[in-house]
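J.: Listed below are the residues making up each chain.
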Amino acid sequence: MSRVTITVNGTPQTRDIEDRTLLVQFIREHLGLTGTHVGCDTTQCGACTIHLDGEAVKSCTILAVAADGSRVTTIEGLAEGGRLHDVQQAFHEHHGLQCGYCTPGMIMASVDMIRRHDGMLDERTVRHELEGNLCRCTGYHNIVKAVLDAAGKHRAAHAVAAE
Amino acid sequence: MYATTYHKPKTLAEAVELYESSDEPSYLSGGHTLIPTLKSRLAAPAHLIDVRNIPELSGIEVTADKVIIGSATKHAAVAASKEIKAAIPALSGLAGSIGDVQVRHMGTIGGSTANNDPAADYPAAVLSLDAIVHTDRREIPADEYFQGLYTTALEPGEILVRVEFKIPDIAGYAKFRNPASRYSMAAAFVSRHRDGHVRVAITGAGNEGVFRWTEAEELLTENFSAEALEGLTIDPSGMMGDMHAPADYRAHLVAVMTRRAVQNLGGTHIL
Numbered sequence: 206m207s208r209v210t211i212t213v214n215g216t217p218q219t220r221d222i223e224d225r226t227l228l229v230q231f232i233r234e235h236l237g238l239t240g241t242h243v244g245c246d247t248t249q250c251g252a253c254t255i256h257l258d259g260e261a262v263k264s265c266t267i268l269a270v271a272a273d274g275s276r277v278t279t280i281e282g283l284a285e286g287g288r289l290h291d292v293q294q295a296f297h298e299h300h301g302l303q304c305g306y307c308t309p310g311m312i313m314a315s316v317d318m319i320r321r322h323d324g325m326l327d328e329r330t331v332r333h334e335l336e337g338n339l340c341r342c343t344g345y346h347n348i349v350k351a352v353l354d355a356a357g358k359h360r361a362a363h364a365v366a367a368e
Numbered sequence: 096m097y098a099t100t101y102h103k104p105k106t107l108a109e110a111v112e113l114y115e116s117s118d119e120p121s122y123l124s125g126g127h128t129l130i131p132t133l134k135s136r137l138a139a140p141a142h143l144i145d146v147r148n149i150p151e152l153s154g155i156e157v158t159a160d161k162v163i164i165g166s167a168t169k170h171a172a173v174a175a176s177k178e179i180k181a182a183i184p185a186l187s188g189l190a191g192s193i194g195d196v197q198v199r200h201m202g203t204i205g206g207s208t209a210n211n212d213p214a215a216d217y218p219a220a221v222l223s224l225d226a227i228v229h230t231d232r233r234e235i236p237a238d239e240y241f242q243g244l245y246t247t248a249l250e251p252g253e254i255l256v257r258v259e260f261k262i263p264d265i266a267g268y269a270k271f272r273n274p275a276s277r278y279s280m281a282a283a284f285v286s287r288h289r290d291g292h293v294r295v296a297i298t299g300a301g302n303e304g305v306f307r308w309t310e311a312e313e314l315l316t317e318n319f320s321a322e323a324l325e326g327l328t329i330d331p332s333g334m335m336g337d338m339h340a341p342a343d344y345r346a347h348l349v350a351v352m353t354r355r356a357v358q359n360l361g362g363t364h365i366l
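Note that the protein sequences, when read in sequence, are chains R and Y. In short: position in the first sequence from 1, add 205, done, that's the numbering used here. In short: position in the second sequence from 1, add 95, done, that's the numbering used here.
Keep in mind that the hints were calculated from the coordinates and are not lab data. Errors might be hidden in some of the hints.
Claimed, not checked - If you want a taste of the chain Y side facing chain R, the calculated C-beta under 8 Å gives, among others:
| id | residue |
| --- | --- |
| 1 | P131 |
| 2 | T132 |
| 3 | D195 |
| 4 | L249 |
| 5 | S332 |
Because the structure is a prediction, the values reported are computed rather than measured. No residue lacks a Cβ here, since even glycine has one placed at the ideal position from N, Cα and C.
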């Protein structure tokens, strides 16, 4: 057993856990934040994607104890003041989901992608960089549209901020 | 996953001491091979010794003739390094082609090189770029380092600290991936070194893991062009065969990827 403190969505969370506890189990079972999904459990599907110290990672393949002292953002931490994050809003508007199982991971990966590219994305790049997230319903078209739309909003917001 | 005890040493000496004093220990880096293996209960180390907090294992240094990368450096950091991209663009591109974005945010060059998966990318670069593997106790030339499937010259408890690549005159990397796993089914890293000799390393295909294709090296040293490789084939009996690709198909891919690497010098060609 180890005592770990991980700051999740801005709140430090301290728990005594078994060392074999995966980060996704810590998030879902110890904190009750079930928005992060477990799809394949083999590092392929991306449903468990969260941000660890600001970078998109697959939380099914990280030990919670190794994340001691880190910052984690989950899907529950994106909306602010009851207003959806631009990427969440774009998935809603473009119907970037059907069953919704992959959606939390898709959105966390997309937020990370837009950040890394500062919103400068084209369709080819979006499709390439979503290769770590599998969707069995949509055929990806509306997901790609949603990411491109949110990337455009990111560029517009930063252009305004720069003026 | 079976129960295990996690350790996070801050120095090389502390890590080695933990390893030597523990029953059934294992080093842990990015964990993107080891943790799936533990989850499948294919391995059950009683002690996991996380090496990522050891300062000697971090950092990227580029000199006039070398690229030196600390073993805990993540694939994403190698791919994003402007200095590495300027010095060896094929190495930068290789790092950016491993797994997917999320995997590259965790997986490390040391983990990949120490594990020596027969389909991993980094072993091809280490071998082709005539790298030196620095450990906590010695320096190992790439030609002596790789010793078969998942087998290296590393002794039990030895820690891979950094990899020192020779900056070549020019290099290229071509990979044909399994579309599901994204591991290579055959990939070739071709480097022409500054003294003129050519090294061709093949990963993903050989049944003994990464290897140098010496026949291709000889032809390319004479004439450094894809045309020099026309008609050259490799014996399928030395290739892996599995549900994804039989040995003769992999042998075919090795020849095609080697030509494609030569046609894409100064970069990568990822299929």
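J.: Hints first: check each against the structure and report whether it holds.
T.: Now the hints, each set against the structure:
The criterion of a C-beta within 8 Å of any C-beta in chain R is met by P131 of chain Y, whose closest approach is roughly 6 Å, and the hint holds. Residue-level restraint check for T132 of chain Y is violated (minimum Cβ-Cβ distance to chain R is 11 Å; threshold 8 Å). At its closest, the beta carbon of D195 of chain Y sits 3 Å from a beta carbon of chain R; the interface hint therefore holds under the 8 Å criterion. For L249 of chain Y, the interface hint is violated, since its Cβ never comes within 8 Å of a Cβ in chain R; the closest pair sits about 22 Å apart.
Here the hint on S332 of chain Y is broken, as its CB sits about 32 Å from the closest CB of chain R, past 8 Å.
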